[in-house]
Amino acid sequence: MVINNLALSISQIEEEYPDNPIEFFRGKRLCLFKACLEKYFPGVRFGIENLLEALDLEVSTCQNQSCCSGTFFQRNLITRAQFAALNERNLNEINNQADILLVSCNGCYNSLLRGRDFLKTPEVRKKTQEILDDLKQEMGGEKYEGQYEILENPDIRIMHDLDFIYLIRKAVLNTLKFDLKGLKVATHYGCHYLNLDRDRDTETYLKDKNKLEELIKLFGGQPVGYSERDSCCGWGASQVVLHPEDAFKITYKKLRSCENVGACFILMPCPTCLYTLSKPEFRDQITEIFDDKLDIATIHLNELIAILRGCEEDQCVNLRKKSSRIHWIYQTITESD
Amino acid sequence: MNQSSDEEWNFDFLDEISEDVEENKKIIQCIGCGKCVGGCPASKISDYNIRKIIEKVLKGDKSVLKDSDIWYCFLCERCKRVCPKEGINIPLLILNLRNESFKKGYGPRYNDLTKYVEMSERFLTNGSVLDEPLDGTLPEERIKEIDKICDFARIKYVFKASDKNNSKKKHIDS
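Listed in order, the protein sequences are those of chains L and Z.
Heads up: the first sequence at position 36 corresponds to 326 in this note's numbering, and the numbers run straight through without jumps.
Heads up: the second sequence at position 164 corresponds to 1624 in this note's numbering, and the numbers run straight through without jumps.
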């Protein structure tokens, strides 16, 4: 059985559609993977959904998709085979309704690829299929062909939102109403985007980890470098929950480093990093521990796209928790000169 | 790992943990260059030192399972990316050591897992780690699938401690 890497080959799209890569996606069914933390940041989902609709691309979400379960795997609460089985269940459902899966969260993205990777180990693959066989028996058969099977060479391909937006950046630019007005913007990529090693030898396109900087320039902003650019946000597979005082040292250093270079806000492609770097309670704790108040604003790439496209503020911002996180960015970008 | 004399190496423990996770065998290729330590976020805030952890494993020193250090790993995968040796998967080794630590009854820190009770409950009852997910919960029959896949996993034991599970039991008992 061949367990293939489901990451979309972006270089191939660029070769086939050098002038207008968005054409590759025309007529294809796109699905948005539902990241749990989008609950706190609904603008992350809204931003990409609204953009895809504006570009006349077909978009959906999968009702039967569960959480990626990475959190539980990383705390040893489920085994590799169980993690892989949960992942295959999700991929099966999504494969049934879509051609391309877009992912807004580094953690989910890593989980989706890692779950497949585990299946390359024969022992894990065997145990995973046993779990799925039990499931089939328990649930009384299949609703569609292969529902409880490990996917062999499926059609579905997975793509991170950042890679997607960067690939079709010219088309995105044409949909924008505002620009970044020369604002200084710091970038944070997040560990599970920066450290994925599947690009180590082959996928040179993915190897380039400067896409956010290039997008900032394209959108009329000024990317600023800072010493902690490649460091973790502090979440660290729940270290911020388990050892907050220690993990906040990482978060604090990052935020302080961004403020030191005069960045107006931090742009990132992951809601988990956004949660860690933004949560008001975390900021309060940091102020208390380090006796230093940090006010730098934070935003997910999808939220920024929504603001630049002229979407209403309440569609972009954190709807459930009152926060000034995006308000300043929104006001600055949308106010008339 | 070339600083030690031959008689210091004892691969019994490595063989033991490789029975469960075959990929761990590749750790024997470690040259002790320390690239994994530089830039490691856990090393910046704790005594966590992956080079020392690997050395202990290769010397058969099982005390590593009692070390609180192994629970400091951020699982950021930076070490895996910078390692000059092909196929050494340090995050997987750490997860495996944590598993062994659990099995032996050392470890965390079961107290720390109380923070996962609610998350486990939500995952097993609505398919998300958060309550009231953005798109609603999974249909009931699909929840059953999640629950079944997780049979015999630690997540089930953690879930047993949840209020929802306890109130469900009380309801059945009455």
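If you're looking for bench data, these hints aren't it; they were derived computationally from the structure.
Any given hint could turn out to be false.
[Unchecked claim] One side of the interface only, derived from the structure: several residues of chain Z facing chain L at Cβ under 7 Å:
(1) I1488
(2) I1491
(3) I1505
(4) R1541
(5) F1583
(6) L1590
(7) I1606
Glycine residues also receive a C-beta, built at the ideal position from the N, C-alpha and C atoms.
Verification of the supplied hints:
{"no.": "1", "hint": "I1488", "verdict": "violated (18 Å)"}
{"no.": "2", "hint": "I1491", "verdict": "violated (18 Å)"}
{"no.": "3", "hint": "I1505", "verdict": "holds (4 Å)"}
{"no.": "4", "hint": "R1541", "verdict": "holds (5 Å)"}
{"no.": "5", "hint": "F1583", "verdict": "holds (6 Å)"}
{"no.": "6", "hint": "L1590", "verdict": "holds (5 Å)"}
{"no.": "7", "hint": "I1606", "verdict": "holds (6 Å)"}
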